[in-house]
Amino acid sequence: MKIDGTVVRGDHFSGNIAEIRKFAVMSLSWLTVIFVAVWGVCWALGIFIPMCLANSSFDFAAILSEVCKALTPIAAVLVFIPINAMFMVLMERRALALFTRRNGPNRVGPDGALQTAADAVKLLLKEDITPTGADALMFTLAPIIFFAPSIFGALPLLAAVTNNHKLFQIVDLPTGIFYVLAASSVPVVGIVMGGWASNNKYSLMGGLRSAAQAISYEIPLVLSLVTICLLAGTLDVVSIAYQQSGGLLNWNILGGGALIGLNKAIAALVSSSGAPFAEVMNAYYPYGWLSFVGAAVLCMCTVILFGVYLIGACAEINRIPFDLPEAESELVSGYNTEYSGIKFAIFFLAEFTNLFIVSTIAVVMFLGSGDCPLPTWLNPLSYPAVYEPLAKALSPVLSVLINDLHLINPPTFWAALWVIFKTYSLIFFAILVRGTLPRFRIDQLMDFGWKRLIPITLVIFVLVAFARGVINFHV
Amino acid sequence: MEQFELLTNWAQVNVEAFVLYALAIIAIPCAFCVLFDRAIIRSGFFLIGVFGAVCGLFLILQAQFLALAQLMIYTVGITLVVVIALMLTNPRLEKEGVAVEGRERFSGLVIATVFFLTIYCALRSESWPLSSLRMNPENVKQIGAALITTYALPFEFASVLLLAALMGAILLAKAEPKNDVSKIAGEN
Amino acid sequence: MFNLIGSAINGVKHALGGLYQVKRGLETVAMHTWREPTTEAYPDKAPELPPHFRGRLALTVNPETGENLCISCRQCERVCPDKCIEITANKSTETNKLELIDFKIDHGLCMFCGLCTEVCPTYCIINTNDFEMADYTRSSLIYDLKKLTLTQEESAYYFAAKEMPLPKPKPAKPAAPAAGAAAAKPAAEAKPTATVSPKPAPESAKAPETTADKPAKEVEKKESPSTDTPSVN
Ligand code: SF4
Ligand code: SF4
Chain U
227 MKIDGTVVRG
237 DHFSGNIAEI
247 RKFAVMSLSW
257 LTVIFVAVWG
267 VCWALGIFIP
277 MCLANSSFDF
287 AAILSEVCKA
297 LTPIAAVLVF
307 IPINAMFMVL
317 MERRALALFT
327 RRNGPNRVGP
337 DGALQTAADA
347 VKLLLKEDIT
357 PTGADALMFT
367 LAPIIFFAPS
377 IFGALPLLAA
387 VTNNHKLFQI
397 VDLPTGIFYV
407 LAASSVPVVG
417 IVMGGWASNN
427 KYSLMGGLRS
437 AAQAISYEIP
447 LVLSLVTICL
457 LAGTLDVVSI
467 AYQQSGGLLN
477 WNILGGGALI
487 GLNKAIAALV
497 SSSGAPFAEV
507 MNAYYPYGWL
517 SFVGAAVLCM
527 CTVILFGVYL
537 IGACAEINRI
547 PFDLPEAESE
557 LVSGYNTEYS
567 GIKFAIFFLA
577 EFTNLFIVST
587 IAVVMFLGSG
597 DCPLPTWLNP
607 LSYPAVYEPL
617 AKALSPVLSV
627 LINDLHLINP
637 PTFWAALWVI
647 FKTYSLIFFA
657 ILVRGTLPRF
667 RIDQLMDFGW
677 KRLIPITLVI
687 FVLVAFARGV
697 INFHV
Chain E
13 MEQFELLTNW
23 AQVNVEAFVL
33 YALAIIAIPC
43 AFCVLFDRAI
53 IRSGFFLIGV
63 FGAVCGLFLI
73 LQAQFLALAQ
83 LMIYTVGITL
93 VVVIALMLTN
103 PRLEKEGVAV
113 EGRERFSGLV
123 IATVFFLTIY
133 CALRSESWPL
143 SSLRMNPENV
153 KQIGAALITT
163 YALPFEFASV
173 LLLAALMGAI
183 LLAKAEPKND
193 VSKIAGEN
Chain C
239 MFNLIGSAIN
249 GVKHALGGLY
259 QVKRGLETVA
269 MHTWREPTTE
279 AYPDKAPELP
289 PHFRGRLALT
299 VNPETGENLC
309 ISCRQCERVC
319 PDKCIEITAN
329 KSTETNKLEL
339 IDFKIDHGLC
349 MFCGLCTEVC
359 PTYCIINTND
369 FEMADYTRSS
379 LIYDLKKLTL
389 TQEESAYYFA
399 AKEMPLPKPK
409 PAKPAAPAAG
419 AAAAKPAAEA
429 KPTATVSPKP
439 APESAKAPET
449 TADKPAKEVE
459 KKESPSTDTP
469 SVN
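Line order of the protein sequences matches chains U, E and C.
In this text, residue positions in the first sequence follow the working numbering: the first is 227, and each later residue adds one.
In this text, residue positions in the second sequence follow the working numbering: the first is 13, and each later residue adds one.
In this text, residue positions in the third sequence follow the working numbering: the first is 239, and each later residue adds one.
Think of the hints as simulated: they come from the structure by calculation, not from any bench.
Where a beta carbon is used, it is the ideal one built from N, C-alpha and C, also for glycine.
One thing to keep in mind: the hints can contain errors.
Estimated spans, in silico, between C-beta atoms of each pair [said to hold, decoys possible]:
hint	chain 1	residue 1	chain 2	residue 2	range
1	U	Leu254	E	Thr161	23 to 33 Å
2	E	Glu28	U	Glu556	42 to 52 Å
3	U	Leu254	C	Gly304	55 to 65 Å
4	U	Leu616	E	Thr161	24 to 34 Å
5	E	Leu159	U	Gly695	17 to 27 Å
6	E	Ile90	U	Ile300	40 to 50 Å
7	U	Val347	C	Glu278	21 to 31 Å
8	U	Pro308	E	Glu28	26 to 36 Å
Computed cross-link-like contacts, DMTMM-like style, restricted to lysine to aspartate or glutamate with a CA-CA straight-line distance of at most 25 Å [claimed, not checked]:
hint	chain 1	residue 1	chain 2	residue 2
9	E	Lys153	U	Asp673
10	U	Lys427	E	Glu150
11	E	Lys186	U	Asp337
12	C	Lys251	U	Asp669
13	C	Lys261	U	Asp669
14	C	Lys385	C	Glu305
15	U	Lys392	E	Asp49
16	C	Lys384	C	Glu315
17	C	Lys261	C	Glu274
18	C	Lys251	U	Asp398
19	C	Lys261	U	Asp673
20	C	Lys384	C	Glu302
21	U	Lys248	U	Asp337
22	C	Lys400	C	Glu305
23	C	Lys321	C	Asp282
24	E	Lys186	U	Asp673
25	C	Lys385	C	Glu315
26	C	Lys406	C	Glu305
27	C	Lys385	C	Glu401
28	C	Lys261	U	Glu318
29	C	Lys321	C	Glu302
30	U	Lys248	C	Glu278
31	C	Lys342	C	Glu305
32	C	Lys261	C	Glu278
33	C	Lys335	C	Asp382
34	C	Lys321	C	Glu356
35	U	Lys248	C	Glu274
36	C	Lys384	C	Asp373
37	U	Lys248	C	Glu305
38	U	Lys348	U	Asp337
39	C	Lys261	C	Asp282
40	C	Lys321	C	Asp373
Here chain U stands alone, though its shape is the one from the complex (with noise of 0.2 Å):
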């Protein structure tokens, strides 16, 4: 492209959207079958066991339909995480290979896009090897251990991301982000564990390595998601995606709330039916232009907070640029050098899980969860006008769907679409900060963490919490 400065002509925008159009293809057949599939089987757990029980009459029916409700959404996650690791390792090379001029797998299915579903095959037909020396019950146990927090971590997620459907209300805990940050932390044993476990020098030094990463880069995540929490004033998930409900201005990423007010005070103005402009910017921002400064300073901070997150975010999950536990030029592989067959594969699965959990908690926190980023004043479904002719429309073909078999649920369907998009929006971010971004150092790493990001987010969060105190949120 560019060499010395000139654009060689043909070269740039020449078209590679064969490629590019591989990869959508690639990505949306996955992505449907994917959630059809996890969908499905919540749905025959959670509704449709439970419809054909109640028309039964064996003494033990209801128990057993409220067993199978509750024992749903760890059925969707333990659903979920094979496929989606599966079809995340397949977009990552597929995107990379967009990223470094290759075409990428092509070889196993159409277009390659059973590659990653033969490499598990593949992956889970290996010998398991334990080295001698390594102590066997850790050896062993590692991998678990890293596993088992992704399923359970992401349990409180659910209700957040499919706009608390019924099914899933049972996994809305009060805690929900403690939760999701103190599961979020266990993984970290199970790396130090099996790079001691394994009897050799590099594990050992990988193991260390991301635990002094983990600890070190753990401060300035929670910090940012506590800050959020601050803003929002709760801990739970659900509420924290619905207070962001409502478009773009309400997301928690701009100002944390901080510009609902406008929000409204737009919708009033064109909408000219509610309140007049000024009165609802005057219940918001009680003290003129201090309240817009503290807007503008939320504002800020929030971005920096997201940019902080994610910095956090990626050194937490062992991704580029922060991969220093698994350096291929110094350590071979890192912890899980000796890991064979079945344990690597689920050492590998649970990291690419880590990637999406982390990107799901982004995005509850700071994206909307499952909001539309058009205002509701701008979007135009959410007038009646439109909406109710196009709902009379379709209506025939859902009232089936929606209200006798309650196979498709609106506001979870529409909320899930929006949370699978931004969510592999994040991902894609993730794979193209991978594609560009060289390795630290260890010391340049431990110096950003402590000399740079934690003080940054201790700033912002004295800086929310009087910033906090000028404007009136969630009126």
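Using the hints, position chains E and C with the ligands against chain U.
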């Protein structure tokens, strides 16, 4: 939780008691392993297991916040740092096995007995207020409010203590002047 | 105090500069998405090789008459650093001329230096564009005369592609011209100009389109059974 009760009624057993025993089965052997395992790093990992089980105990007592704090701070944070410190300090400790003198053994026994008796008496005393109340969904909020109103003073003391510990640690870890280092190296 | 503010401003400047660099990097990489892959879609599409590519060795025949061009002079056998050519020839009693009986090249030993093709006086031994010679045993890498000899069309293609002068038809009275040719150009540099073919190359040999894609097709044909080629990522 409703499912829990339904299950309890149906199965005619106390599910909470069942979970308690399950956790005990994890916690007690792990605790013994912490004491008796020769490889000290492995003891560290077993300690993580003990703390994990304790975190489960908090959960069945419906103290969600406490359980999660336990998990995050004790199970992962502190124990992991301890394990790493062990790895970094003396890798051969596990091989040598420190010989214990007779007198040390005796004093250790005395201390352990006294400690055990204290804890035992404390646990068996009747003054544990038990409440059958369901956990308040505003639990976390209440804890927060209590920490900065009723218990503000202990809270501040605890933080000052932590700060002192932090400063002490920094002082200990600070690099010695160069000539001292050479002297120490010479002695060894 | 001012110091602190100054350093804070400096820090912000530094951070913004760093962010700008990161943004530039991300942009550059993202833009690569729009550019075509530089990799070869090899097993699906045979690569386009230059005619002087040093691939599998083969013996040409006269494109017009189809007779073997080798005169059993053993120059190639002598020059080969790996000693992987083995020629069996017999002096015929009638014509007092060497008759080629067998010609073996061990492709497992050959390093494709092309020295043998340089010395060959009749442009008989050449490097073809074929490089897919993977096989299951070492012995099957030793190619014999039958396996080495090209067809008439292939020979015509290579004579045209490599711009080698077409051979003269063997005269009824033998010996003299061939030997003369061999003596006339011992050195490789003399090769292109040494013997200018009196006849211009026939049209059939020059027409590239029909014959040009022959080897490519052959490559494809060869490819299909060997599905275990490593996938190209
Ligand atoms: S290419 Fe080189 S090594 Fe191969 S046969 Fe000819 S002279 Fe020998
Ligand atoms: S140099 Fe050419 S003519 Fe001579 S023996 Fe070898 S292939 Fe035949």
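A quick look at each hint next to the structure:
1. U:Leu254 to E:Thr161: 23 to 33 Å: Between U:Leu254 and E:Thr161, where Cβ atoms are some 54 Å apart, the hint is violated.
2. E:Glu28 to U:Glu556: 42 to 52 Å: 50 Å, holds
3. U:Leu254 to C:Gly304: 55 to 65 Å: Holds: the Cβ-Cβ distance is about 58 Å, inside 55 to 65 Å.
4. U:Leu616 to E:Thr161: 24 to 34 Å: For U:Leu616 and E:Thr161 the Cβ distance comes to about 53 Å; the hint is violated.
5. E:Leu159 to U:Gly695: 17 to 27 Å: 20 Å, holds
6. E:Ile90 to U:Ile300: 40 to 50 Å: At 30 Å between Cβs, range violated.
7. U:Val347 to C:Glu278: 21 to 31 Å: Holds, at about 28 Å.
8. U:Pro308 to E:Glu28: 26 to 36 Å: At 33 Å between Cβs, range holds.
9. E:Lys153 to U:Asp673: Violated: E:Lys153 and U:Asp673 sit about 35 Å apart, past 25 Å.
10. U:Lys427 to E:Glu150: 48 Å, violated
11. E:Lys186 to U:Asp337: The given pair, whose Cα atoms are some 58 Å apart, is violated under the 25 Å limit.
12. C:Lys251 to U:Asp669: Roughly 22 Å between the alpha carbons, so the hint for C:Lys251 and U:Asp669 holds.
13. C:Lys261 to U:Asp669: Measuring from Cα to Cα gives roughly 23 Å; hence the hint holds.
14. C:Lys385 to C:Glu305: Holds: C:Lys385 and C:Glu305 sit about 15 Å apart, inside 25 Å.
15. U:Lys392 to E:Asp49: It is violated: about 48 Å lies between the C-alpha atoms, which goes past 25 Å.
16. C:Lys384 to C:Glu315: 18 Å, holds
17. C:Lys261 to C:Glu274: 23 Å, holds
18. C:Lys251 to U:Asp398: 43 Å, violated
19. C:Lys261 to U:Asp673: Holds, because 22 Å separates the two Cα atoms, which is no more than 25 Å.
20. C:Lys384 to C:Glu302: 19 Å, holds
21. U:Lys248 to U:Asp337: 7 Å, holds
22. C:Lys400 to C:Glu305: 19 Å, holds
23. C:Lys321 to C:Asp282: 36 Å, violated
24. E:Lys186 to U:Asp673: Satisfied, since the Cα-Cα distance of roughly 17 Å is no more than 25 Å.
25. C:Lys385 to C:Glu315: Between C:Lys385 and C:Glu315 the Cα gap is close to 18 Å, so the pair holds against 25 Å.
26. C:Lys406 to C:Glu305: 11 Å, holds
27. C:Lys385 to C:Glu401: Given pair C:Lys385, C:Glu401 holds - Cα atoms ~24 Å apart, limit 25 Å.
28. C:Lys261 to U:Glu318: Distance of about 20 Å is within 25 Å: holds.
29. C:Lys321 to C:Glu302: Judged against 25 Å, a Cα distance of about 32 Å means the pair is violated.
30. U:Lys248 to C:Glu278: 17 Å, holds
31. C:Lys342 to C:Glu305: Holds - the C-alpha atoms of C:Glu305 and C:Lys342 are around 18 Å apart, at most 25 Å.
32. C:Lys261 to C:Glu278: Violated. C:Lys261 to C:Glu278 sits at ~30 Å, over the 25 Å cutoff.
33. C:Lys335 to C:Asp382: 22 Å, holds
34. C:Lys321 to C:Glu356: 16 Å, holds
35. U:Lys248 to C:Glu274: Between U:Lys248 and C:Glu274 the Cα gap is close to 13 Å, so the pair holds against 25 Å.
36. C:Lys384 to C:Asp373: With Cα atoms ~18 Å apart, C:Lys384 and C:Asp373 stay inside 25 Å; holds.
37. U:Lys248 to C:Glu305: 51 Å, violated
38. U:Lys348 to U:Asp337: 19 Å, holds
39. C:Lys261 to C:Asp282: 37 Å, violated
40. C:Lys321 to C:Asp373: 21 Å, holds
Going down the numbered hints, you'll see the structure goes against 1, 4, 6, 9, 10, 11, 15, 18, 23, 29, 32, 37, 39, while the others check out.
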